[in-house]
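Sequence order for the protein chains is E and A. For the first sequence, the working numbering gives the first residue as 1, with consecutive numbering after it. For the second sequence, the working numbering gives the first residue as 1, with consecutive numbering after it.
Keep in mind the hints are simulated off the structure, nothing from the lab. Please note: incorrect hints may appear among the correct ones.
Result set (DSS-like, lysine-lysine): computed pairs, CA atoms no more than 25 Å apart in a straight line [as the list claims (entries may be wrong)]:
#1 A:K17 / A:K28
#2 A:K60 / A:K19
#3 A:K19 / A:K37
#4 E:K160 / A:K2
#5 A:K37 / A:K60
#6 A:K19 / A:K2
#7 E:K132 / E:K69
#8 E:K92 / E:K160
#9 E:K164 / A:K70
#10 E:K95 / A:K28
#11 A:K17 / A:K2
#12 A:K70 / A:K28
#13 A:K2 / E:K164
#14 A:K56 / A:K2
#15 A:K28 / A:K2
#16 A:K2 / E:K95
#17 A:K2 / E:K92
#18 A:K2 / A:K70
#19 A:K70 / A:K60
#20 A:K2 / A:K37
#21 A:K70 / E:K160
#22 A:K60 / A:K2
#23 E:K92 / A:K70
#24 A:K28 / A:K56
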Amino acid sequence: MNNLGLILVEAISAALAFTLARFMLRPYEYTGESRYIGLPLGFFSLGVSYVFMGVALSFSDPLIIERMKWLQLFTGSYAFAFLATTYYFSSKPPKRNTILFLQTLLSILVLGMVISSLIVFVPPAFALPSYKTVDEYFRLLNTILALYITLYTLRYHALKPDPKTILAPLGYALLAFSQYSFLIWSLDSSFSAFIGAHIIRLASLLVFLLVSYRAFITPQTAIHENSDPE
Amino acid sequence: MKIYRDMLLSIRDESRKGKIVLTRIQQKVNVPFDRLKIYLSELHELGLIQDGSSPKLTEKGRQYITEYEKVIDFMKRMGLTY
Numbered sequence: 001m002n003n004l005g006l007i008l009v010e011a012i013s014a015a016l017a018f019t020l021a022r023f024m025l026r027p028y029e030y031t032g033e034s035r036y037i038g039l040p041l042g043f044f045s046l047g048v049s050y051v052f053m054g055v056a057l058s059f060s061d062p063l064i065i066e067r068m069k070w071l072q073l074f075t076g077s078y079a080f081a082f083l084a085t086t087y088y089f090s091s092k093p094p095k096r097n098t099i100l101f102l103q104t105l106l107s108i109l110v111l112g113m114v115i116s117s118l119i120v121f122v123p124p125a126f127a128l129p130s131y132k133t134v135d136e137y138f139r140l141l142n143t144i145l146a147l148y149i150t151l152y153t154l155r156y157h158a159l160k161p162d163p164k165t166i167l168a169p170l171g172y173a174l175l176a177f178s179q180y181s182f183l184i185w186s187l188d189s190s191f192s193a194f195i196g197a198h199i200i201r202l203a204s205l206l207v208f209l210l211v212s213y214r215a216f217i218t219p220q221t222a223i224h225e226n227s228d229p230e
Numbered sequence: 001m002k003i004y005r006d007m008l009l010s011i012r013d014e015s016r017k018g019k020i021v022l023t024r025i026q027q028k029v030n031v032p033f034d035r036l037k038i039y040l041s042e043l044h045e046l047g048l049i050q051d052g053s054s055p056k057l058t059e060k061g062r063q064y065i066t067e068y069e070k071v072i073d074f075m076k077r078m079g080l081t082y
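The shape of chain E in the complex, shown without the other chains (with noise of 0.2 Å):
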């Protein structure tokens, strides 16, 4: 797969994500609760570390080769953390402390991302690690944070088993093995767990990109139960 290929495919994955972040923006608009709010963050910083990626595939000159790819390892690892705080709290009752420790943990990584991005553009008086060391770890980061959503989301389902519900843990197990793939190419080469990753990323976002059509798309009969499995 050439550099025009995979340009190709980080532009389709942004354009998924992007799409995806403005139905996960619903719950948030709809019930104006900020535990919600990590669901379209975590999709859109997902959409922009892949545009991050693709930036770097489209240039040549190292210097910009290399700040774009730490940029879309930092964005790429918030949007799991964003991810995985908002399932989180989903399940904590709103009270007051709740709540403010919240907002003071989507704050942290919100200000944890600009300011990690600064130093891609303003390199700190300490040396940076290597970019291969760093982004083993932060794959390995998102695999857990993709897998931890993954149980999450396997136990809603299995608290209460319904069709509608098994998608979505679906999904974040195949974000979860696509990190996984990344892992190992990064430690491995291995060139089919480099395509493997990028096509099983694809299908993740399809499949989320499948649940927020069936859910706001297709005609359904009046939903009046919204009761908690637990």
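Here the structure of chain E is known, so what remains is to put chain A in place on it, guided by the hints.
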């Protein structure tokens, strides 16, 4: 927002039975009566219900409920607790 939605759903359910009785809505939503009147006034200002002693949903109110239920369904599909 949840209170608004619960009130709109109650008004819809009550309107299907015939005359809308405010005390029945109050019982379902579980708020003091004076608070209920304030919420009804706010819903009217938002254009979601018609004014009057027996509130009815406007078209905008019906659309709001439909969209809200889609959002709840989406959250359920995404494994989010609400």
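Now for the hints, and whether the structure bears them out:
Under the criterion of a C-alpha separation no larger than 25 Å, the hint pairing K17 of chain A with K28 of chain A is consistent with the structure, at around 15 Å. Between K60 of chain A and K19 of chain A, the direct Cα distance comes to roughly 20 Å. Compliance with the 25 Å bound is thereby established for this hinted pair. The suggested pairing of K19 of chain A with K37 of chain A holds, with an alpha-carbon distance near 17 Å, which does not exceed 25 Å. Using a Cα cut-off of 25 Å, the hinted pair K160 of chain E and K2 of chain A holds, with the two alpha carbons roughly 23 Å apart.
Restraint check: the Cα-Cα separation between K37 of chain A and K60 of chain A comes to about 20 Å, which is no more than 25 Å; the hinted pair holds. Taking the CA atoms of K19 of chain A and K2 of chain A, the gap is about 24 Å. The hint holds against a cut of 25 Å. Between the alpha carbons of K132 of chain E and K69 of chain E the distance comes to roughly 10 Å, so the proposed pair stays at or under 25 Å and holds. Distance check on the hinted pair: K92 of chain E and K160 of chain E sit about 18 Å apart at the alpha-carbon level, within 25 Å; holds.
With a CA separation close to 13 Å, the supplied pair K164 of chain E and K70 of chain A stays within the 25 Å bound. Taking the CA atoms of K95 of chain E and K28 of chain A, the gap is near 23 Å; set against the 25 Å cutoff, the hint holds. A hinted pair counts as satisfied when its Cα atoms are at most 25 Å apart, and K17 of chain A with K2 of chain A qualifies at roughly 23 Å. For the hint pairing K70 of chain A with K28 of chain A, the CA-to-CA distance comes to about 22 Å; that is within 25 Å, so the pair holds.
This hinted pair checks out: K2 of chain A and K164 of chain E have alpha carbons roughly 23 Å apart, not beyond 25 Å. Note on K56 of chain A and K2 of chain A: the hinted pairing holds, with a Cα-Cα distance of about 18 Å set against a maximum of 25 Å. A distance of roughly 13 Å separates the Cα atoms of K28 of chain A and K2 of chain A; the hinted pair therefore holds under the 25 Å criterion. Annotation: proposed proximity of K2 of chain A to K95 of chain E holds, straight-line Cα distance about 15 Å (limit 25 Å).
Our distance criterion of 25 Å between C-alpha atoms is met by K2 of chain A and K92 of chain E, whose separation comes to about 17 Å. Straight-line distance between C-alpha atoms of K2 of chain A and K70 of chain A comes to about 14 Å, which keeps the hinted pair within the 25 Å bound. Between the alpha carbons of K70 of chain A and K60 of chain A the distance comes to roughly 15 Å, so the proposed pair stays at or under 25 Å and holds. Distance hint between K2 of chain A and K37 of chain A is fulfilled; the C-alpha atoms sit about 16 Å from each other, no more than 25 Å.
With a C-alpha separation of about 19 Å, the suggested pair K70 of chain A and K160 of chain E falls inside the 25 Å cut-off, and the hint holds. Annotation: proposed proximity of K60 of chain A to K2 of chain A holds, straight-line Cα distance about 17 Å (limit 25 Å). This hinted pair checks out: K92 of chain E and K70 of chain A have alpha carbons roughly 22 Å apart, not beyond 25 Å. Restraint check for K28 of chain A and K56 of chain A: the C-alpha separation of about 16 Å stays at or below 25 Å, so the hint holds.
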